[in-house]
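Just need the whole structure built from these sequences, with the hints factored in.
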Amino acid sequence: MKAAPFEYSRAASIEEACALLAGDESARVIAGGQTLVAMMAMRLARPSLLIDINRIAALSYIRADGDAIAIGATTRQCVAERDPLIATKLPLLARAIPRIGHAATRARGTIGGSLANADPAAECALVAVTLDAVLSFQSHSESGEIAARDFFNGPMITALPAGALLTGVRFPVWSGKVGTGFHEVNARRSDFAFVSAAAQVELGGDGVARRIAIAVGAVGDFPVRLTSAEQALTGTALESAKVEAAVREALANIDALDDLHASAQYRRRVAVDLTIRAITDARADALGEKPHAH
Amino acid sequence: MRIELDINGELRAVEVEPRTTLLDCLRDQMQLTGAHAGCEHGVCGACTVLFDGAAVRSCLMFAVQAQGSAVRTIEGVTPGPGEMSMIQDAFCETHGMQCGYCTPAMVLVAHALLADNPEPTREEIIDAISGNICRCTGYAQIVEAIALAAERMRGVNRPVNLK
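Read top to bottom, the protein sequences are chains A and B. In this text, residue positions in the first sequence follow the numbering used here: the first is 125, and each later residue adds one. In this text, residue positions in the second sequence follow the numbering used here: the first is 35, and each later residue adds one.
Source of the hints: derived by calculation from the structure; they are not laboratory data. Don't take each hint at face value.
Okay, derived cross-link-like pairs now, EDC-like style, lysine to aspartate or glutamate, Cα gap no bigger than 16 Å in a straight line [stated by the list, open to error]:
| # | chain 1 | residue 1 | chain 2 | residue 2 |
| --- | --- | --- | --- | --- |
| 1 | A | Lys301 | A | Glu326 |
| 2 | A | Lys366 | A | Asp397 |
| 3 | A | Lys301 | A | Glu413 |
| 4 | A | Lys126 | B | Glu51 |
| 5 | A | Lys126 | B | Asp62 |
| 6 | A | Lys366 | A | Glu354 |
The calculated label-pair distances, taken between Cβ atoms and stated as ranges, are [said to hold, decoys possible]:
| # | chain 1 | residue 1 | chain 2 | residue 2 | range |
| --- | --- | --- | --- | --- | --- |
| 7 | B | Asn151 | A | Ala286 | 39 to 47 Å |
| 8 | A | Ala311 | B | Gly134 | 20 to 28 Å |
| 9 | A | Gly331 | B | Ala174 | 42 to 50 Å |
| 10 | A | Ala128 | B | Leu45 | 29 to 37 Å |
| 11 | B | Arg169 | A | His264 | 42 to 50 Å |
| 12 | A | Gly412 | B | Glu109 | 45 to 53 Å |
This structure is a prediction, so every number in the text was calculated from the model and none was measured. Glycine included, C-beta positions come from ideal geometry on N, C-alpha and C.
Here it is as C-alpha cells:
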C-alpha cells in the first residue's frame with residue numbers, strides 16, 4: 125500500500141500546470157486526491173509526475189455567471205456544501221454534496237476532481253448531467269468547453285483532451301417554482317452508490333411541469349438522462365401513475381452494470397424506484413410540501 | 035523534498051520523498067504514532083488528523099502537499115503532559131473504546147465536529163463519525179462520549195488549544 129516513486133511539482137498557475145502536462149504524457153493532475161492517492165497506493169495508477177493544482181488560487185471560486193453558477197475545479201466539496209449561493213441557486217447540487225463520501229473526504233475532495241475522475245457513481249457527475257452543466261478546460265495549446273452530457277464516456281473515461289486541465293464547471297440556474305429530488309442506495313451512508321437518481325422540476329402556477337430533468341447514476345458506465353421520461357412528463361401534473369409508467373419505459377432497456385456489489389437486475393429495479401421517488405420529491409418540493417418519507 | 039509544517043503548534047522541517055504519505059511522515063519521521071495506519075487507502079479512517087482544522091485522512095495526502103500547513107494529531111490535543119482533553123476524558127468515562135485502534139481518529143473527528151458545532155444532534159454525531167470504522171464498540175459508546183463531551187464543553191469556557 126505504498127505508491128510507486130514519482131516526481132512532484134506544485135503548480136502556481138494554470139499556465140504552469142498546462143506546460144507541465146504538455147511536457148510529460150504520463151503526468152497526472154492531483155486536486156483533492158481522494159481517489160487518486162488510493163489508486164496510487166494500490167498501484168492502479170503510476171504517474172511519472174504529479175502536478176499539484178491545489179494552490180492555484182484562480183481555480184477555487186463559486187460565483188454567479190449570468191444565468192449560471194460557475195464553480196472552480198479545485199473548489200473543495202466541503203466549501204460548496206456550505207455555500208449560500210449553491211444552497212439557493214443550485215438546490216439539486218446542495219442536496220447531492222452531503223452524499224459524496226464523508227466529511228473527512230469532502231474536506232479535501234474537489235468538485236472538479238470528482239468530475240474529471242468520472243466514477244460512474246459520482247454524485248457531482250450525476251448532477252452535472254442532470255442540469256446540463258458545461259465543463260471548461262485549458263491546455264498548453266487550446267481552451268474549450270464540453271457539455272456534461274458529452275463529457276462522460278465510460279467508467280473513469282472522459283472527453284477531456286489529452287494534456288488538458290479541467291478548470292471549472294458552470295451549472296445553469298433554473299428560475300420559477302423549482303423543486304429537486306435526489307436519492308441513492310449504498311451499503312453504508314458514505315459509500316459508493318449502487319444506484320442514484322436525480323430530478324429537478326419547474327412547475328407552472330397550475331401545478332403542471334413546465335420543465336423536468338431526470339437522470340440516473342451508478343447504473344451504467346456514466347450518468348444517463350432519461351430523455352423519454354422527460355418528454356413524456358413535461359406538460360403533465362406529474363400524477364403518480366404517469367410518473368411510474370414514464371420511468372419504467374425509460375429504464376426498460378438500460379444497460380446496467382453487474383458486479384459483486386449489485387446485479388444488473390437489482391440496479392434496474394432499484395433505479396426505477398429511486399427515480400420515481402426523486403421525481404415525487406421534486407414535485408412536492410416545488411409545491412412547498414414536506415418531502416415524502418421513504 | 036524538504037517541507038516545513040506546523041505540527042501540534044511546533045514548526046518542524048522534514049525531508050520526504052514525494053511518495054511519502056502524510057501518515058507515513060507523521061509515524062516514521064516524526065514518531066507521532068497516534069495516527070494509525072489501517073487500510074492505507076482511505077476506507078477505515080484510522081489515520082485521521084486535523085489538517086488546517088479539518089478532519090482529513092492522512093493516508094490520502096502526500097506529505098509534500100502539507101507544506102506550510104498546520105497538522106494536529108492526537109498527541110497535540112491534550113492541555114498538558116499526562117493530561118487528557120475533555121473529549122478524551124468523555125471517551126474514557128463512557129467506555130468509548132475497546133481495542134483503541136480507531137480511538138485517536140474518533141477523538142480528532144469529535145474535536146473537529148465540536149469546534150464547528152457545539153450542540154450536535156445524535157444524527158450529526160453519527161454522520162461525523164460515519165467515515166471511521168470501529169470493529170469493537172458497536173459505536174454506541176462513541177456516540178455517547180461525543181454527546182457527553184459536547185454537553186460539558188458547552189458548560190465551560192473553551193480551552194484555547196481545543197481545536
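Going through the hints against the structure:
| no. | hint | result |
| --- | --- | --- |
| 1 | Lys301/A - Glu326/A | 5 Å, holds |
| 2 | Lys366/A - Asp397/A | 14 Å, holds |
| 3 | Lys301/A - Glu413/A | 12 Å, holds |
| 4 | Lys126/A - Glu51/B | 12 Å, holds |
| 5 | Lys126/A - Asp62/B | 14 Å, holds |
| 6 | Lys366/A - Glu354/A | 11 Å, holds |
| 7 | Asn151/B - Ala286/A: 39 to 47 Å | 44 Å, holds |
| 8 | Ala311/A - Gly134/B: 20 to 28 Å | 26 Å, holds |
| 9 | Gly331/A - Ala174/B: 42 to 50 Å | 45 Å, holds |
| 10 | Ala128/A - Leu45/B: 29 to 37 Å | 31 Å, holds |
| 11 | Arg169/B - His264/A: 42 to 50 Å | 49 Å, holds |
| 12 | Gly412/A - Glu109/B: 45 to 53 Å | 51 Å, holds |
In summary, this structure violates none of the numbered hints.
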